[in-house]
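> Chains as they are written, first to last, in my numbering: chain A, 1 to 159; chain B, 1 to 159.
These aren't lab readings, by the way, just hints derived from the structure by calculation. Some clues are possibly wrong.
[Said to hold, decoys possible] Below 20 Å or equal to it, Euclidean Cα-Cα: the simulated SDA-like pairs (lysine to any residue) are:
| # | chain 1 | residue 1 | chain 2 | residue 2 |
| --- | --- | --- | --- | --- |
| 1 | A | K99 | A | C82 |
| 2 | A | K42 | A | Y75 |
| 3 | A | K142 | B | R46 |
| 4 | B | K124 | B | T103 |
| 5 | A | K146 | B | R46 |
| 6 | A | K146 | B | H84 |
[What the hints assert, rightly or not] Negatives, chain B to chain A, calculated, CB over 10 Å:
| # | residue |
| --- | --- |
| 7 | R46 |
| 8 | Q53 |
| 9 | W91 |
| 10 | E130 |
[As the list claims (entries may be wrong)] Now the stretches of chain A that chain B is said to cover, found in silico as 3 or more residues with beta-carbon under 8 Å:
| # | stretch |
| --- | --- |
| 11 | 35-46 |
| 12 | 97-105 |
| 13 | 140-154 |
Cβ atoms here follow ideal geometry from the backbone N, Cα and C, with glycine treated the same way.
There are 2 protein chains.
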Amino acid sequence: MKKYTGILTTALQPIIILIDLYIFFYVGDTAVREVFEETGIKSEFRSLLSIRQQHTHPGAFGKSDMYIICRLKPYSFTINLCQHECLKCEWMDLSDLVKTKNTTPITSRVARLLLYGYREGFDKIDLTMEELPAVYTGLFYKLYHKKLPDNYKTMTGMD
Amino acid sequence: MKKYTGILTTALQPIIILIDLYIFFYVGDTAVREVFEETGIKSEFRSLLSIRQQHTHPGAFGKSDMYIICRLKPYSFTINLCQHECLKCEWMDLSDLVKTKNTTPITSRVARLLLYGYREGFDKIDLTMEELPAVYTGLFYKLYHKKLPDNYKTMTGMD
Chain A
1 MKKYTGILTT ALQPIIILID LYIFFYVGDT AVREVFEETG IKSEFRSLLS IRQQHTHPGA
61 FGKSDMYIIC RLKPYSFTIN LCQHECLKCE WMDLSDLVKT KNTTPITSRV ARLLLYGYRE
121 GFDKIDLTME ELPAVYTGLF YKLYHKKLPD NYKTMTGMD
Chain B
1 MKKYTGILTT ALQPIIILID LYIFFYVGDT AVREVFEETG IKSEFRSLLS IRQQHTHPGA
61 FGKSDMYIIC RLKPYSFTIN LCQHECLKCE WMDLSDLVKT KNTTPITSRV ARLLLYGYRE
121 GFDKIDLTME ELPAVYTGLF YKLYHKKLPD NYKTMTGMD
């Protein structure tokens, strides 16, 4: 169970958490590319887990900092650190991360969320995703939200 | 049940959906302010529902457009349209929106998600939120994700 379970610490991105065959990273669409550039680990995007929104100062109305926390599946495991972007990068055991006091509240929370998904199924923590067409532009969009029952997806009318 | 159930259509934001006492808006932190500026409706932020990610063109690697879809609770209901930012703005019945074919796949999907939450509880569609401190900067962050059981939040060790 501890195989490939771990955490990566980098300079630009405070934490990259890797659990079993899955990588969790604080970036959205560019997660796969960034993980590879900073760590040398190849991966595939799997799902969106969480959104972190920075509270604005009273004097900085309207300014907001948002992180998208994703789940990736790695295909390689040897770390090849980018020295320009990262201070440190290593595999750690997730149980150590859950137990340690030497981390931030957010990292601790995400670690516990990952542990929950690892133990009881990633469907418990993943947002569902579906690709939908934008009729006017011809583009496609990915829409993430909590699971919608099939009868709500297909119903053509309501009372 | 149909009281205050509806949808607002604007120019800059393709759609604002209002259901019963709740507003759903395609903007994150600035949703309350934007809704007021564009519609004159006062509201309060309640939760985060969904994330819409635009698929990138093959030739536009790394470019991504993300919308955060939120749920707001309105405190006023009279529409006072901003003519500079909106083409049209009206209350519509959600059942009409779910039934109509004259809308985009994403709007239709979000409408069905709202109907599900309206009928069976907004906890079914809302992401949970918790405020956590950033130890180094002294700031606070909001973290949104699917519900984490209490025993995972409080556990101090694992097997």
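> Determine for every hint whether it applies to the structure shown.
Here is how each hint holds up against the structure:
{"no.": "1", "hint": "K99/A x C82/A", "verdict": "violated (28 Å)"}
{"no.": "2", "hint": "K42/A x Y75/A", "verdict": "holds (5 Å)"}
{"no.": "3", "hint": "K142/A x R46/B", "verdict": "violated (23 Å)"}
{"no.": "4", "hint": "K124/B x T103/B", "verdict": "violated (24 Å)"}
{"no.": "5", "hint": "K146/A x R46/B", "verdict": "holds (16 Å)"}
{"no.": "6", "hint": "K146/A x H84/B", "verdict": "violated (35 Å)"}
{"no.": "7", "hint": "R46", "verdict": "holds (14 Å)"}
{"no.": "8", "hint": "Q53", "verdict": "violated (4 Å)"}
{"no.": "9", "hint": "W91", "verdict": "holds (17 Å)"}
{"no.": "10", "hint": "E130", "verdict": "violated (7 Å)"}
{"no.": "11", "hint": "35-46", "verdict": "violated (count 0)"}
{"no.": "12", "hint": "97-105", "verdict": "holds (count 4)"}
{"no.": "13", "hint": "140-154", "verdict": "holds (count 11)"}
Checked against the numbered hints given earlier, the structure breaks hints 1, 3, 4, 6, 8, 10 and 11 and satisfies all the rest.
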